[in-house]
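**Q** In order, the protein sequence lines correspond to chains E and F.
For the first sequence, counting from 1, position 89 maps to 89 in the numbering used here; every step adds exactly one.
For the second sequence, counting from 1, position 181 maps to 181 in the numbering used here; every step adds exactly one.
Keep in mind the hints are simulated off the structure, nothing from the lab.
Positions of the beta carbon are idealized from the N, C-alpha and C atoms, including for glycine.
The reader is advised that the hints may include incorrect statements.
To be clear about the criterion: a stretch of chain F counts as covered by chain E if any three or more of its residues have a C-beta under 8 Å from a C-beta of chain E, and this derived list gives those stretches [said to hold, decoys possible]:
{"no.": "1", "segment": "244-257"}
{"no.": "2", "segment": "323-331"}
Restraint ranges, calculated between C-beta atoms of paired labels, are given here [unchecked claim]:
{"no.": "3", "chain 1": "F", "residue 1": "Y130", "chain 2": "E", "residue 2": "R85", "range": "26 to 36 Å"}
{"no.": "4", "chain 1": "F", "residue 1": "W127", "chain 2": "E", "residue 2": "E70", "range": "31 to 41 Å"}
{"no.": "5", "chain 1": "E", "residue 1": "S259", "chain 2": "F", "residue 2": "L137", "range": "45 to 55 Å"}
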Amino acid sequence: MQAPVLDVKKLKTSFFSDDGEIPAVDDISFSVKKGEILGIVGESGCGKSVTSLSIMKLVPQPPGKIVSGEILLNGENLVPVSERRMRQIRGNEIAMIFQEPMTSLNPLFKIGEQLIEAIKIHKKGNKKEFEKQAVDMLKLVGLPRAEGIMNEYPHQLSGGMRQRVMIAMALSCGPKLLIADEPTTALDVTIQAQILALMKSLNEKLDTSIVMITHDLGVVADICQRVIVMYAGKVVEEASVLDIFKNPKHPYTMGLLQSVPDIRNKQDRLYSIPGNVPKPGSITTGCRFAARCEFVHDRCLADDPPLYAVEEAGHHTVRCFLHDTGGNGHHD
Amino acid sequence: MLAYTIRRILSLIPVLLGLSLIVFFMIRAIPGDPAQIILGQLATKEAVAELTKQLGLDQPWFVQYFTYLGGLFTGDLGESIKTKSAISEEIWPYLAATLELSFCAIAIAIFVGVNAGIISAWYQNSWFDYIAMVLALIGVSMPIFWLGLMEQWVFAINLDWLPTSGREEVRNPISSITNIYMIDTLIQGRFDQLWDVIKHLILPSVALATIPMAIIARITRSSMLEVMRSDYIRTARAKGLRMFWVVYKHSLKNAIIPVLTVIGLQTGLLLGGAILTETVFSWPGMGRYIVDAISARDYPVIQSGILVIAFIFVMINLIVDLLYAAIDPRIKYN
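So that you can see chain E by itself, here it is in the shape it has in the complex (with noise of 0.2 Å):
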């Protein structure tokens, strides 16, 4: 088997306040493939984007700070490298596109400098090299009129339009991984699934590893091709795009879907899991679902389940004492 681009072994990402620390990532363990599309789902606070900004390094500290584990890419651990080293990594190594195209790019830079700018900090060449490879990046993700946009200020461009420039800026470097963090949801639908369909294009041409955060299982069926399912700062299932749909082991997941709404059958109210997500660092005892889970029972209350593999191969896995079946334990 090809080793990953990226392992992330054990990862614990903590927030220290007055009231002590708050782990917003506990111990989380993934690992991407090349050319690879991995698919981050949770709801809001769940700790999806602080599982990006730790990869990037850029977690705000104070008051973030990065516990314990390993983030290996190509096998060099991140965790303890320098601040001069991580600068080499990001843009170059990894590279990431966020949420919200409006407010992404500086509004005082134009497009063309913010690219160069980009291109600059990692490879050696002259301005007009830097020129020709923005525009060629401007041109790859579909944008028409990609030398005039290189003079223009962002604020010309609609939302669409940014977040392909900054696609284009994320893979001018040719990384390696690129981390998409919510990239389409501040989009409306057609742009979404343009921007879907260019990334998933991207991904095939320059085999560049994908993780795709999102809270949109649209999304994750769309373009991934495996899946994490985060709940509460830790993963509760593992699986292939299909087996996720098809074969949904954790009750969250369960739960998870049946709150997408079906075209085919009728319904009058839309499934959602009762009660909400938990305050970060507010259970510390046994399953952090149990509140809201329909199959709770006594053991969940008191212990804090493994992750079980639920076939032989452990291709799929699942944070359930309902799947104990003695034996299949990955006690991590």
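Model the placement of chain F on the given structure of chain E, informed by the hints.
**A** Showing chain F alone in chain E's frame:
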């Protein structure tokens, strides 16, 4: 940008006209008959009437105003009642002295204030931040004439490093060309005198810079803090950009706009002539010129002095407005 500039300049015309009108009436609201004051308490009624006629003060106000306005367009600010010389020529050395001092003061205030604000925001809640902000608070609450006196006491009298007052060394007088002594001494290649001029500038500049510096530091800090939380700063960091450039390029350009407003206002205030500071340091500037004119009821001088200061104030605000548009491309479209 050109169209915007022209539009902004044209919009100044009514402002300047209104300004001249306000100044004209303000002066006439001051009690006291100038002719009487010039001639003294013992002058005869006829002599006073004669002088009033000579000065044109017997004319209706609008005739007086339009005569005055007509003079302004030809660069004629009138004649001083006291010295009998043309104000447009007389005023320049005072204005030059104030310009030179204000320029130095605002340069110090901007350099120290902006950088202190940036570093405070960058290392928010660090010891640097705390100390800088406490100093800034002390700075804005300091009576400047007192600070000036303390500076003189420490640096001029006790340590004897710098001169107490004035613009130049009396035994080594500067032959003035532009009356801005730093330029004059440079043109003449008199570097000994240039050093002299700088030494005379340090204490009053620092005293004058204190309040603007403190205000600029505080505004810069809060503006930077807001900008540094924004999404595009995270984007810049995610590119792998050095923190130094993230702060001084991406953040500062966005954060500087509210700071520019304050810089403009403070520069205007300094150019108005800081009367107390100019008095403490015997600086022959605009503040002194106008105060002397007021005590002599020298109407034309007061009027022209205030008009010149107000004109400069308006011009500085024009520059600030143009700078906004140069920095932020979104402004000229609105």
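**Q** Of the numbered hints stated earlier in the document, which are not met by this structure?
**A** No numbers; nothing is violated.
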